[in-house]
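J.: Start from the sequences, fold in the hints, and give me the full structure.
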Amino acid sequence: MSIEILDPTHETGAPAFALAPRLPSLAGKTIGIISNGKRGTRPFFDAIERELTEKHGAIVVRRVKSNYSAPADAAIMKEAALKEAGGGWDALIAGIGD
Amino acid sequence: MLLTSKRYDVDDIMAAQEFYHGRGWTDGLPVVPPTAAAVEACLEWAGMTPEQLVGIEPVRERAISAEKLAINAVMAGCLPMHFPVVVAAFTAMLQEPFLLHGATASTGGCAVLIVVNGPIRGELGMNGTFNALASSDRASTAIGRAIRLILCNLLDARPGDVDRSTLGHPGKISYCVAEDEENSPWLPLSVEKGIPAEASAVTVMAAGAPRQLMNEWTTEPERILDTFVAEIRANMRHYSIYAGNYAIVVPPQLRAHFAAAGWSKADVRRYVFENARIRRKEWADCGKGAVVGSRGEQEYAGLASEDSLLVIAAGGPAGGFGAVIPPWFGGKSNAVTMAIGACFDCEA
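Respectively, the protein sequence lines represent chains A and B.
To convert, note that position 65 of the first sequence is 65 in the numbering used here; the numbers rise steadily by one, no gaps.
For the numbering used here, count along the second sequence from 1 and bump the result up by 98.
Think of the hints as simulated: they come from the structure by calculation, not from any bench.
Hints are supplied without guarantee of correctness; some may be wrong.
Pairs of lysine-lysine, DSS-like flavour, derived with a Cα cap of 25 Å [as the list claims (entries may be wrong)]:
1. A:Lys55 to A:Lys29
2. A:Lys29 to A:Lys83
3. A:Lys38 to B:Lys386
4. A:Lys78 to A:Lys38
5. A:Lys38 to B:Lys379
6. A:Lys29 to A:Lys65
Here are some, though not all, of the chain B residues that point toward chain A, as calculated from beta-carbon distances under 8 Å [said to hold, decoys possible]:
7. Leu101
8. Arg105
9. Ile111
10. Pro131
11. Val157
12. Gly200
13. Ser204
Where is the CB? At the ideal position from N, CA and C, for every residue including glycine.
T.: This is the structure:
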């Protein structure tokens with residue numbers, strides 16, 4: 001005799017990450033970087049910032065979360081809104097490091 | 099009762115095991131097949147409807163229904179009468195101070211310690227005496243395991259998925275203890291946290307593994323607590339210096355000395371708060387000199403306040419042992435206490 005059993009998972013499917021549309025050029029664009037703030041992120045994002053500013057002419061804004069285990073602070077998320085959503089950034093990079 | 103979860107047919111109980119294991123829906127141990135009848139029995143016992151919203155995990159914006167909690171509770175081996183404790187524990191974990199996503203995703207590898215207080219311990223046959231911190235009794239083991247399966251199946255906190263723990267610890271299989279209120283001179287933890295004494299309650303804490311200690315060579319409360327304090331200091335030196343919730347577990351042999359000296363839990367908490375401190379330069383004694391910097395003389399407290407210490411009376415009758423249970427990581431997650439269920443039979 002078979003048994004009918006139930007699905008223990010959320011069944012909604014994990015939301016897939018979608019890549020943002022590619023900017024035609026980085027020159028003059030404002031790129032936000034949100035770091036989780038761990039020590040290892042500093043040299044990594046320093047290098048990214050140099051790459052973006054020196055090679056591509058972008059303007060980089062760096063913000064660090066107050067708690068690296070929690071979602072970004074509300075003030076950062078407000079600032080991080082892309083320009084088409086009323087914010088000031090053309091693109092953002094969210095990065096974690098350890 | 100209309101259950102809306104997807105249903106599957108399997109040939110028998112062994113096929114059910116392989117079905118769930120094969121999909122990554124277990125912790126590796128066998129599960130009780132969650133049939134509709136078993137799940138409905140849990141919901142009926144708790145007076146909940148299947149679609150009842152227990153809460154929303156804010157980071158992933160995932161709604162948690164009573165039906166899904168019950169399915170995982172059945173799988174973990176819970177009886178219907180265990181289910182209200184599972185609901186209360188997970189509801190407490192969804193409160194903002196607990197920082198559920200961070201605590202369950204972190205490389206730090208903590209587990210969720212569940213402390214049960216109140217009359218429900220007796221109703222469920224929970225044992226806060228012998229072997230209190232692991233496999234002490236059926237209800238404690240099943241309730242703790244239910245929380246782990248819920249995290250895996252509803253929040254994807256499986257190893258390598260959302261759970262990024264470097265090591266984890268055995269408490270991640272099940273980490274539930276009933277306080278031994280009957281043999282304790284002290285107020286129950288839940289009462290200290292403001293829950294009425296006649297109510298049952300859970301306290302959840304994002305917790306590291308227990309660190310066992312021993313001091314049966316004194317009767318002085320201060321000297322006994324110096325051993326607990328030394329273990330907290332060791333954790334501050336070796337793991338994390340930052341203040342957070344620590345729990346200490348005090349078995350009867352040591353509790354007797356506190357009772358004889360008239361020490362309350364508040365007295366214990368005050369002594370530990372005042373003494374569990376290290377200076378940053380002590381990191382250099384254990385290989386961490388590279389991060390001492392210029393603040394070597396700065397003092398760090400293990401507890402942000404006296405209230406940060408959870409004092410739990412539990413353990414078997416003999417042995418001058420105790421345990422310190424450290425926080426996941428400083429004060430990022432805070433312990434939450436919540437009353438269990440509602441009194442559906444009470445007269446208004």
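J.: For every hint, state whether the structure bears it out.
T.: Structure-based check of each hint:
1. At roughly 13 Å between alpha-carbon atoms, A:Lys55 and A:Lys29 fall within 25 Å of each other, so this suggested pair holds.
2. For the given pair, A:Lys29 sits about 11 Å from A:Lys83 by alpha-carbon distance, which is consistent with the 25 Å threshold.
3. Taken as a hint, the A:Lys38 and B:Lys386 pair is honoured in the structure, with Cα atoms around 17 Å apart against an allowance of 25 Å.
4. Using a Cα cut-off of 25 Å, the hinted pair A:Lys78 and A:Lys38 holds, with the two alpha carbons roughly 22 Å apart.
5. For a cut-off of 25 Å, the pair hint linking A:Lys38 to B:Lys379 stands: about 21 Å separates their Cα positions.
6. Between A:Lys29 and A:Lys65 the CA atoms are separated by roughly 22 Å; this keeps the pair inside 25 Å, and the hint holds.
7. Taking 8 Å as the C-beta contact cut-off toward chain A, the hint placing B:Leu101 at the interface holds, the least distance being around 7 Å.
8. The criterion of a C-beta within 8 Å of any C-beta in chain A is met by B:Arg105, whose closest approach is roughly 5 Å, and the hint holds.
9. For the restraint placing B:Ile111 at the interface with chain A, the shortest Cβ-Cβ distance is roughly 7 Å, inside the 8 Å limit, so the hint holds.
10. Residue-level restraint check for B:Pro131 holds (minimum Cβ-Cβ distance to chain A is 5 Å; threshold 8 Å).
11. At about 6 Å, the closest approach between the beta carbon of B:Val157 and any beta carbon in chain A falls short of 8 Å, and the interface hint on this residue holds.
12. A hinted interface residue such as B:Gly200 counts as satisfied when its beta carbon comes closer than 8 Å to some beta carbon of chain A; here the least separation is about 3 Å, so the hint holds.
13. A least Cβ separation of about 6 Å between B:Ser204 and chain A falls short of the 8 Å threshold, and the interface hint therefore holds.
Checked against the numbered hints given earlier, the structure satisfies every one of them.
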